[in-house]
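The residues making up each chain are set out below.
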Amino acid sequence: MKKMLRYILIGSIVLSCILGFVFPNHHPHFWWQKIPVFDVFFGFIGCIVIIIISKWLGHQWLMKKEDYYD
Amino acid sequence: MINPLPPFLIYFIGALLIPVLINKRLKQFVALLIPIVAFVNLLHMQTGRYWAVDFLQYQLVLGHVDRLSFVFAVIFVIASFISILFAIHIDETGQHTAAYLYVGSTLGVVFAGDLFSLFVFWELMAASSVFLIWYSGTEESLRAGLRYILVHMTGGCILLAGIVLHVGATGSIEFTVFDFAPLSSKLILIGFIINAAVPPLHAWLADAYPEGTITGAVFMTAFTTKSAVYVLARSFPGVEILVWLGAIMALYGVVYAVLENDIRRLLAYHIISQVGYMVCGVGLGSQMAINGASAHAFCHILYKAVLFMGMGAVIHVTGRRKMTDLQGRALYKKMPITLALYMVGAFSISAVPLFNGFVSKTMVVAAAGGLHRPSIELMLHLASVGTFLHTGLKLPWGTWFGKHDGPEKEIAGAKEPPLNMLLAMGLGALLCIITGVYPRVLYNLLPYPVNFQPYTAYHVVAMIQLLLLTLAAFWIYIDKLGGEPYISVDTDWFYRIPGRKLLSFCEGPLFQIRSGAQSILDSIVRKLGSFGSNPVGSVENLWPTHKVDTMEDSKGPTGSSTHRFPNGLGVLLSLLILCLFIVSAFI
Chain A
1 MKKMLRYILI GSIVLSCILG FVFPNHHPHF WWQKIPVFDV FFGFIGCIVI IIISKWLGHQ
61 WLMKKEDYYD
Chain B
1 MINPLPPFLI YFIGALLIPV LINKRLKQFV ALLIPIVAFV NLLHMQTGRY WAVDFLQYQL
61 VLGHVDRLSF VFAVIFVIAS FISILFAIHI DETGQHTAAY LYVGSTLGVV FAGDLFSLFV
121 FWELMAASSV FLIWYSGTEE SLRAGLRYIL VHMTGGCILL AGIVLHVGAT GSIEFTVFDF
181 APLSSKLILI GFIINAAVPP LHAWLADAYP EGTITGAVFM TAFTTKSAVY VLARSFPGVE
241 ILVWLGAIMA LYGVVYAVLE NDIRRLLAYH IISQVGYMVC GVGLGSQMAI NGASAHAFCH
301 ILYKAVLFMG MGAVIHVTGR RKMTDLQGRA LYKKMPITLA LYMVGAFSIS AVPLFNGFVS
361 KTMVVAAAGG LHRPSIELML HLASVGTFLH TGLKLPWGTW FGKHDGPEKE IAGAKEPPLN
421 MLLAMGLGAL LCIITGVYPR VLYNLLPYPV NFQPYTAYHV VAMIQLLLLT LAAFWIYIDK
481 LGGEPYISVD TDWFYRIPGR KLLSFCEGPL FQIRSGAQSI LDSIVRKLGS FGSNPVGSVE
541 NLWPTHKVDT MEDSKGPTGS STHRFPNGLG VLLSLLILCL FIVSAFI
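Line by line, the protein sequences give chains A and B.
Residues in the first sequence are numbered consecutively from 1, following the working numbering.
Residues in the second sequence are numbered consecutively from 1, following the working numbering.
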């Protein structure tokens, strides 16, 4: 089941990349909007950056024991 | 033709009526009827200024109706119906009363045409909504409510200071677009952005909303922050600082949501994030951006209600509010309908095509693009990734699925919530889909004509790419994204920890300094008093030059009565001063 879901996800990503080439942005505001698979990289890297930076900030400073304010 | 009533009045009448009704069914009927009456009333309201009341030398306007106020009023009334349907099973009449005072005062803010009535309704919002926190009845809710009301009253004072300065300088109380340069406008802006939960003035939201009652929190998600967006859109469109504050806000909420273990607090951080899009849109100030901010407020109220109702339902049936207490207990088997409805809200907030977040969020982002703001566009784009990561993936995973090493495999007694709760969630979810599939319904309500088409092939494909790869990254980090049994300190730390230290300093050292100073001053006053009553005797007591028996004979040469000034002198002086005043008054 897990394997099948993984294949579906990978297949969907590949399909979305192909569609990105088929349907380019005809009115781009910025240079990156001309790249057909920009959001593939942005989504993946952005998500990892959010997780890593947030967790780092949390474990360094922000996260405290639950009775911190008591 | 029906003559419409001021919408706030309908809710205030409801708030007064509900407690006096004895029959439970009748009470429920009236509670549900009020928003319907308010909606019909709204449909009869035409653009213009109504219900003007003379007050001192000013004129209060309780009904300033235009397209901007109308779109916010429509969604507030719809949200009140969904929220009261979700809450209709509870017997605590006080909660309904507080909720309807809250909704009524929000509508008062929306239609306020002058700053005085705006301020009164603004304060009423805070004073009524705090009861939706206090009705939880826990120690935490009592404290969080107290912090909530203190922050809002501080905001109210700043707003009032701004209003007083503005009225003093211009002589006008009209609530309209302000010039941002004077101090008065800056104070008014601070008052507004406290309610919009703009960092660093946002901590009240994540502190208080998760402590609210299960049903009260649903009301709270809709009104305070979105009414703040409305007043910002009316009075400060195009103010540059709002662009940056909004974009930072959108990311700020995302960062905290990664760390959060409390299921409703995680959603509260995403309110901050989503309101960031609206504040940014207001700051961008173009017609498309204001449309985007209004549309996003409309959609946000719907999907956030669904999300808060979903998590409220989980807390209602399990009594648990932390992911660490819920994950790995196969709750999806017990609450599949709640899960499905929650996911509609989650797909909406994540801007999945065919759900309403897609038709509004993309409008704000496109507005940033249209104004050639690359960094703002990228920041908002990145916040979209975080939104799907938390609300669409982490939270449902940690609540209904997830992994758990302990012996408890299922939560005993967990089941679907009462029918009215499911109906309310269903109605909210349905509206999310309708506005997502057929956005023209929403676009026709917006303040300006809409020339934006969300469903272009490029937009849809780009969004799908973004979401699929967020899902892929989530899958990779899935083991790191479960709940952790910690809390995250936020800017409320500054008034919670140093505030407590200040209090103990006041109770300890400062109190001792005060009482020490008081005893010293007391003894000085006592000595001066005795010196005043008997100056010669006091001097002689200090430096006895010759022995005089003052104790035995008070009428002797240095007795206390002998050297006191005669009373007549004091009376004479008083009369002279009085005469001087009278003479000066006539000159």
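In short, the hints are calculated from the structure, not lab data.
Take the hints with a grain of salt, since some may be wrong.
[Stated by the list, open to error] Below, simulated DSS-like cross-link-like pairs (lysine-lysine); rule was C-alpha separation at most 27 angstroms, straight line: (1) A/Lys64 to B/Lys333; (2) B/Lys333 to A/Lys3; (3) B/Lys403 to B/Lys415.
Going through the hints against the structure:
no. : hint                 : in the structure
1   : A/Lys64 to B/Lys333  : 33 angstroms, violated
2   : B/Lys333 to A/Lys3   : 22 angstroms, holds
3   : B/Lys403 to B/Lys415 : 20 angstroms, holds
Hint compliance for this structure: hint 1 alone is broken.
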